[in-house]
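Produce the entire structure from the sequences given, and follow the hints as far as they go.
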Amino acid sequence: DSGVTQTPKHLITATGQRVTLRCSPRSGDLSVYWYQQSLDQGLQFLIQYYNGEERAKGNILERFSAQQFPDLHSELNLSSLELGDSALYFCASSVAYRGTEAFFGQGTRLTVV
Amino acid sequence: ILNVEQSPQSLHVQEGDSTNFTCSFPSSNFYALHWYRWETAKSPEALFVMTLNGDEKKKGRISATLNTKEGYSYLYIKGSQPEDSATYLCARNTNAGKSTFGDGTTLTVKP
Numbered sequence: 001d002s003g004v005t006q007t008p009k010h011l012i013t014a015t016g017q018r019v020t021l022r023c024s025p026r027s028g029d030l031s032v033y034w035y036q037q038s039l040d041q042g043l044q045f046l047i048q049y050y051n052g053e054e055r056a057k058g059n060i061l062e063r064f065s066a067q068q069f070p071d072l073h074s075e076l077n078l079s080s081l082e083l084g085d086s087a088l089y090f091c092a093s094s095v096a097y098r099g100t101e102a103f104f105g106q107g108t109r110l111t112v113v
Numbered sequence: 001i002l003n004v005e006q007s008p009q010s011l012h013v014q015e016g017d018s019t020n021f022t023c024s025f026p027s028s029n030f031y032a033l034h035w036y037r038w039e040t041a042k043s044p045e046a047l048f049v050m051t052l053n054g055d056e057k058k059k060g061r062i063s064a065t066l067n068t069k070e071g072y073s074y075l076y077i078k079g080s081q082p083e084d085s086a087t088y089l090c091a092r093n094t095n096a097g098k099s100t101f102g103d104g105t106t107l108t109v110k111p
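Residue numbers (the numbering used here), protein chains in the order written: chain A, 1 to 113; chain B, 1 to 111.
Derived from the structure by calculation, the hints contain no laboratory data.
Because the structure is a prediction, the values reported are computed rather than measured.
Be aware that one or more of the hints could be misleading.
Derived, one-sided and incomplete: chain A residues facing chain B with beta-carbon distance under 10 Å [to be verified]:
1. L39
2. L43
3. A56
4. G58
5. A92
6. R98
7. T100
8. F103
9. G105
10. G107
Where is the CB? At the ideal position from N, CA and C, for every residue including glycine.
Quick look at the structure:
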C-alpha cells in the first residue's frame, strides 16, 4: 500500500457527461500528480499541483481540469467525455515539488460508453 | 533524441542471469530521471530518482546510473529472480516539472 488513495476504483459513464476523480496523497506529501494511461499509449503526464498551486502542466485537454484543496487532496474533473477518454487515471504524490520519489495510487478505471 | 526511449522493449532471461536496460532521453532542460517497477494489475512503484550526472543508486540487487550529458540511464538487475518479472519504466523530468515516460522494458524471468 503506497498510502495514496484514489476513488472511485471504477467508473462507467456516458459520452458527454462529467466526472470527478479524487486523490488523497500520502500523509506529509505536498505534491500531487495526475497521469493518464490509455489502451494504446503509455503513461501520459497531465498536471501537477504543489501545496495548492498548479506547478506543471502536461498534455491535459481543455475539457479536463484539476485542483488541490487546502487539505492537499486533489480532484481531476473530466467533462464532455468522449469514448477516447476511457483510460486508467493515476494519481501520485511526493514530498517535494520535484526530484523526490513519487508514490502512485491504485488508479481509477474510467469507461466511457 | 526527442523523446524518452527505452530498450529493449522486452527481455526474457533465466533465473540467476544478470541483465540491464537502457533509458535514453533529451539532455536539454533535464532535471531528474525516475525509474519505476510496474507489475501487472498493480500501480508503478518508485525504484530510484537521480538528478546529478554520474549519480549511481542501489537497492538490493537493482542499481542504476545516470549520464545527463549524453542523455541516458542504465538499470541493472543482478541475479534475476522470478519476482523481478515486471515492466520497468523510466521518466524524465524537465526543469519546468513536466514528466515524460518511456514505454518501458518488460522483463520476464524464467525459473
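Hint validity - G107 (chain A) Cβ closer than 10 Å to any chain B Cβ
Hint holds; G107 (chain A) Cβ to chain B Cβ min 6 Å, cut 10 Å.
Let's test the interface hint: is any C-beta of chain B closer than 10 Å to that of F103 (chain A)?
Where the cut-off is 10 Å and the nearest Cβ of chain B is about 6 Å from F103 (chain A), the hint holds.
When the least beta-carbon distance from A56 (chain A) to chain B is tested against 10 Å, hint result
OK, holds: A56 (chain A) within 10 Å of chain B, min 3 Å.
Hint check: is the beta carbon of L43 (chain A) less than 10 Å from a beta carbon of chain B?
With a closest approach of 4 Å, the L43 (chain A) hint holds.
Quick one, is the G58 (chain A) hint okay against chain B at 10 Å, beta carbons?
holds, 6 Å
A92 (chain A) was flagged as interface toward chain B. Is the shortest Cβ-Cβ separation under 10 Å?
OK, holds: A92 (chain A) within 10 Å of chain B, min 8 Å.
At a threshold of 10 Å, is the proposed contact between R98 (chain A) and chain B supported by beta-carbon distances?
Given a least distance of 6 Å, the restraint on R98 (chain A) holds.
Agreement of hint T100 (chain A) with chain B interface, Cβ distance less than 10 Å
Result: holds, 6 Å to nearest chain B Cβ.
So, G105 (chain A) near chain B? Judge it on the closest CB pair being under 10 Å.
holds, 6 Å
L39 (chain A) was flagged as interface toward chain B. Is the shortest Cβ-Cβ separation under 10 Å?
Given a least distance of 14 Å, the restraint on L39 (chain A) is violated.
In summary, the structure is inconsistent with hint 1 from the numbered list given earlier, while agreeing with all the others.
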